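*Asks:* Taken in sequence, the protein lines are chains B and V. Under this note's numbering, the very last position in the first sequence is 113; numbers go up by exactly one each time. Under this note's numbering, the very last position in the second sequence is 114; numbers go up by exactly one each time.
If you are wondering where the hints come from, they were derived from the structure by calculation, not from laboratory data. None of the values given here were measured: they were computed from a predicted structure. The beta carbon of each residue, even a glycine, is placed where N, CA and C say it ideally should be. One thing to keep in mind: the hints can contain errors.
Computed list of chain B residues with no C-beta within reach of chain V, every gap over 10 Å [unchecked claim]:
| hint | residue |
| --- | --- |
| 1 | Leu19 |
| 2 | Arg42 |
| 3 | Asn68 |
| 4 | His75 |
| 5 | Lys77 |
| 6 | Asp85 |
| 7 | Ser86 |
| 8 | Gln110 |
| 9 | Val111 |
Taking lysine-lysine pairs in the DSSO-like style, the calculated list, with each CA pair at most 30 Å apart, reads [claimed, not checked]:
| hint | chain 1 | residue 1 | chain 2 | residue 2 |
| --- | --- | --- | --- | --- |
| 10 | V | Lys57 | B | Lys100 |
| 11 | B | Lys22 | B | Lys69 |
| 12 | B | Lys49 | V | Lys57 |
Interface residues of chain V toward chain B, partial, derived using beta-carbon atoms under 7 Å [claimed, not checked]:
| hint | residue |
| --- | --- |
| 13 | Tyr31 |
| 14 | Gly42 |
| 15 | Met50 |
| 16 | Pro61 |
| 17 | Tyr64 |
| 18 | Gly100 |
| 19 | Glu102 |
| 20 | Pro107 |
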Amino acid sequence: AQSVAQPEDQVNVAEGNPLTVKCTYSVSGNPYLFWYVQYPNRGLQFLLKYITGDNLVKGSYGFEAEFNKSQTSFHLKKPSALVSDSALYFCAVRPPNTDKLIFGTGTRLQVFP
Amino acid sequence: EAQVTQNPRYLITVTGKKLTVTCSQNMNHEYMSWYRQDPGLGLRQIYYSMNVEVTDKGDVPEGYKVSRKEKRNFPLILESPSPNQTSLYFCASSTRAAPGGEQYFGPGTRLTVT
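Produce the entire structure from the sequences given, and follow the hints as far as they go.
*Replies:* Quick look at the structure:
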């Protein structure tokens, strides 16, 4: 079955430190990969996506993600975390030849001052 | 401003009383979708539509109906709501013109069924 896993329910990091939010997927073929962020009482906002090409993609608010085909991973990263980055982050996968989007269960990022 | 709107934002109702949650987008997107968000389960797709008069079931369609009579609107209908449909609901839309087009989400509708 096609699925997305976010193994950490919560990630805690001090402001100024680098952060990583993990995502792995199980999808046949070459999927499209996405990260979305949800701030309290808001809908999801698109952060970045991987379609093809360079394995390191850059997105909004200084975030980037690294695609690793052999490990079927798409981890979200930021070199220096801000308190304002605290939110719920979702990884999502779109299998080839579909319009369906499969979401992970989400990871809550808490950045402490 | 490009956006997806949902109404109402909050709704408390009783078991069995039919309700409709509206969704509208102003981006001329072909694709629209409904999700529900529950703690520990992430977002699960209820129904989606690839264009007018074309709808299909997602992962959790039981107890829900949708229609797509116009490109901009995609209402979610609960004919006989039950307490297990208490959840946070999101509508989303995207273009199908570009490969890997990201989805735009509405602000959410928090539904409580007692």
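*Asks:* Take the hints in turn and mark each one as holding or not.
*Replies:* Results of checking the hints against the structure:
With a cut of 10 Å on Cβ distances, Leu19(B) stays outside the contact zone with chain V, its closest approach being about 20 Å. Arg42(B), annotated as away from the interface, has a beta carbon of chain V within 10 Å; the closest lies near 6 Å. With a minimum CB-CB distance of about 18 Å to chain V, Asn68(B) clears the 10 Å threshold, and the non-interface call stands. Against chain V, the non-interface label of His75(B) holds: every CB pair exceeds 10 Å, the least being about 17 Å.
With a cut of 10 Å on Cβ distances, Lys77(B) stays outside the contact zone with chain V, its closest approach being about 19 Å. With a cut of 10 Å on Cβ distances, Asp85(B) stays outside the contact zone with chain V, its closest approach being about 19 Å. No Cβ of chain V approaches the Cβ of Ser86(B) within 10 Å, the least distance being about 18 Å, so the stated non-interface status holds. Every beta carbon of chain V lies more than 10 Å from that of Gln110(B), the smallest distance being close to 16 Å; the non-interface claim holds.
Against the 10 Å criterion, Val111(B) stays outside the reach of chain V, whose nearest CB is about 21 Å from its own CB. At most 30 Å may separate the alpha-carbon atoms for a hinted pair to count; Lys57(V) and Lys100(B) meet this at roughly 10 Å. Restraint check for Lys22(B) and Lys69(B): the C-alpha separation of about 14 Å stays at or below 30 Å, so the hint holds. For the suggested pair Lys49(B) and Lys57(V), the alpha carbons sit about 25 Å apart, so the restraint of at most 30 Å is met.
A cut of 7 Å between beta carbons decides the hint on Tyr31(V): the least distance to chain B is about 6 Å, and the hint holds. Restraint check, Gly42(V) versus chain B: the minimum CB separation of about 4 Å is within 7 Å; hint holds. With a least beta-carbon distance of about 6 Å to chain B, the hint placing Met50(V) at the interface is held under the 7 Å criterion. Interface hint at Pro61(V): violated, since its Cβ lies 13 Å from the closest Cβ of chain B, which is beyond the 7 Å cut-off.
A cut of 7 Å between beta carbons decides the hint on Tyr64(V): the least distance to chain B is about 17 Å, and the hint is violated. Because the smallest distance between the Cβ of Gly100(V) and any Cβ of chain B comes to about 4 Å, under 7 Å, the interface hint for this residue holds. Interface hint at Glu102(V): satisfied, since its Cβ lies 4 Å from the closest Cβ of chain B, which is below the 7 Å cut-off. For Pro107(V), the interface hint holds, the least distance from its beta-carbon to any beta-carbon of chain B being 5 Å, beneath 7 Å.
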